[in-house]
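Colleague: Here is how the chains run, residue by residue.
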Amino acid sequence: MAARSFLPTVLRCLLVFLITGALLRAADYPSLKSHVSSNTAQVGEAIRLIVEVSNVKSASPPAVVADGLEIRFRGESTQVNMTNGNFSRKQVYTYAVMAAKEGSYTIPAIEMEAEGQKLKTQPIAINIEGGSMPSPGNSDGGADASKSFFAEIHVDKKELYVGETIPIEFRLYIREPATGRLTNNPQLTGEGFSVQPFGHPSQRGVQLEGKQYGVAQFMSLITATKAGKLTLGPISVPLLVQTPERNSGIYDQFFGGNLGPAREIKLEAPAIEVEVKPLPQEGRPEGFSGAIGKFEFEAAGSPGKIQAGQPVEMKLWIRGQGNFDRIGVPDIQEPDHWQVYPPGDAFEASDRLGYGGSKVFTQNVIPKVQTTSMPSYVFSYFDPEQKKYATISSRIQPLVVVGVIAPVVEESGPSSSVEKQEEAKPVAPDILGISPLAGNVGTFGISMSYGKLFTLLFLPLPFVLAIVGWHFRKPNPEIARKKALREEIGVHMKAVRDAKEIGSVVDAAVHVLQCHISLLKGGMPSQIEDAQIIEVGVSKGDLEKKLKQLFARRSELLYMGAGSEGGILRTEREQLLELMSEFERSVSR
Amino acid sequence: MKPLFHLFVLLCMSASCFADDFNAANEAYAAEKYADAKKLYLKTLESGPQANVFYNLANTCFRLGEFGPAAAAYERALALKPSYHEAAVNLRFLREKTSARVAPVKWYQTVFSAMPAQTALLTGLGVTWLGLLLLGFSLWRRMGWLGGFGAVTVILLGAVYAAGVSWQDKLARQGAIVTGEKLEARLDPSDRSGVAETLSAGSRVTIKGGQGSWLYCALPNGSNGWVKTAEIEQVYLR
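Going line by line, the protein sequences match chains A and B.
If you count by the working numbering, then the first sequence holds residues 181 to 769, one letter each, in order.
If you count by the working numbering, then the second sequence holds residues -1 to 236, one letter each, in order.
Don't read these hints as lab results, they were simulated from the structure.
A portion of the hints provided could be inaccurate.
[What the hints assert, rightly or not] Derived DSBU-like pairs (lysine-lysine); straight-line CA-CA distance at most 30 Å:
#	chain 1	residue 1	chain 2	residue 2
1	B	Lys79	A	Lys485
2	A	Lys327	A	Lys391
3	A	Lys409	A	Lys568
4	B	Lys104	A	Lys485
5	A	Lys632	B	Lys104
6	B	Lys168	A	Lys632
7	A	Lys726	A	Lys701
8	A	Lys474	A	Lys457
9	A	Lys337	A	Lys409
10	B	Lys79	A	Lys632
All chains should be built: construct the whole structure from the sequences, respecting the hints.
Modeller: What follows is the structure, encoded as structure tokens:
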């Protein structure tokens, strides 16, 4: 039973093994395949042709040639796959196929020999449609968004005045992701205008009819030089372009890869017409120097105070947009009153072209007549927007001229007015005139002798030294002591007169007596004994008695703490004051 | 009483003569009789130095083409009246015209010569006195070190200014102007000596000493040289 069931199983496995081996062997056979990325394309657009050679140990890219088509080898890659433990190898060759003309083309069968076998692909038909790519030698331009490349000339306004300067742009549009590179900068030539060379372009992106374009802008300035119809352009430029291959993968497009080969085309921006008018004669200011545009004018001078004969530096600013190269120094008003020197100028552009900016003139002027203000300037220009002339006068600034303005010596002699006009150069300044007043008699330098000088210089010195000496003198201690005692007597006498408590009155009176004794005999008042005070009153009538009563009263007040009525106080105060006077008299004797 | 009256009359006559000469000189100048004007201005100056008369005399010399004497007269007008703007302007103009050279003036020289020397000196003395009085007052009133410091500062300012003015006056007294059209200052007091500096009319030198008919001077270029006495004129007149 077991033997019977084992046999069919072995047979079955063997069968599977044989079938699998046969399949694997079939997969190892060399093969050649080809396909294109798209069967349709526009003129100038590249189609990718991919040729795959499988299971060939070594191979080289086959040659692919077709009538009417340009086929260029672009590269190769190798792919290795593992299937059920077996490895297979594939060689991939890539070609770019382009057609210069529209029509139907066939990529013929590609043949090659490998591993002793002859391999062959199937022919591939492709269709090339008429596109925007111009043929070399032909021009194709205009602002047409349906095209991959086009160029245009752009000006902001189509109506100009003779002498007016405006910006002009040459715009080159390239539909993304194609790329283009100009081998030469665009050039605009023609009659009736002057133009500066186009500089480096700026780049930006725009969307036209839903398609993304990269725009290279070449800018310059153009100035109309004569009236009439003016044709600007056309401008023809050679452009090296690279376009993407049709149906390249999203990955390639994202990274801008798989562009076709670079090729040169000639691109032309169509001409445009502008109307150039002559400047109106009506209202033309006298000082109009040809400035056309929109301007602001300002003038300022420094310094505000000068000596006669010294110059004032005037700065004249003209700001705005217009033909700055034709702006001359503004006219000074009252030119006879000023000696004017040739100005210097500087221009600071506010844009790349120099269409907008600020031009500053620096001019030195010297007043020829007595004046209290700086010169005023007048700047005239033509405003093309308003279609009329404008005149701006500068603000008048005050000026202080110190001294007398020198009279100007005019050259005399016969000369025609024309000659005078030609010789209207600054007249050389002369010396200032004489004084009509004689003035006072003076002296040269210092008429004083040095002895007198030093005497005068140090005259107050003794006085100051006396003050200093007084200030720094050494004080006498005895005098100071007596002074202090006298001050103390004064203070306590006040207490005797004013104190409300009888105790305080008596204490003050005793202290006054002590101070008197101290003045007389020396020593501190607090160390004077009662006996020393009483001694003064001996043999002086009842003074001794009164003094003893005073001390007794003090003891009474001290030990008994007894007070007194106001009336009694008043009486005692009067008695005490009398005692003080009597004691002082006795002491002073 | 009578002698006083005579003196008064004499003074009036003198003043009247002086005014007559000056006015006549101005009229001669206006009439472009510059030689006459010069004589009359010089006569006017006999009564004493006056800034305006020196100024007018300088203008007259300028018109006569005597640029050296003109410069000397302008300098004298400025010495008498340093704030004489017209004189300063004309002198600068003259020196530009003749390419005369002057040693650069230091800022402190400008400060010390801003006023007439006598006035400046008295101002300095006055400030010094003021400072001394301030010092005494501050000591008397016991104003402390701040009062003393302020007073001493005022004293120093006044004294330094007075000293500076005196020094500047001494320098000014040594100042002299080249009166000839061209002067060659020599390295030694000899005509055959090398030239230290060539000076044109109106240039200013400072006399430092002398030897015979030669004067040893500080020159505008900072060096020293010898010039002949007759070729220069001192600014200060004795």
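Colleague: Could you run down the list of hints and mark each one as holding or not?
Modeller: Status of the hints after comparison with the structure:
{"no.": "1", "hint": "Lys79/B / Lys485/A", "in the structure": "holds, 22 Å"}
{"no.": "2", "hint": "Lys327/A / Lys391/A", "in the structure": "holds, 10 Å"}
{"no.": "3", "hint": "Lys409/A / Lys568/A", "in the structure": "holds, 21 Å"}
{"no.": "4", "hint": "Lys104/B / Lys485/A", "in the structure": "holds, 23 Å"}
{"no.": "5", "hint": "Lys632/A / Lys104/B", "in the structure": "holds, 28 Å"}
{"no.": "6", "hint": "Lys168/B / Lys632/A", "in the structure": "holds, 16 Å"}
{"no.": "7", "hint": "Lys726/A / Lys701/A", "in the structure": "holds, 22 Å"}
{"no.": "8", "hint": "Lys474/A / Lys457/A", "in the structure": "holds, 18 Å"}
{"no.": "9", "hint": "Lys337/A / Lys409/A", "in the structure": "holds, 13 Å"}
{"no.": "10", "hint": "Lys79/B / Lys632/A", "in the structure": "holds, 23 Å"}
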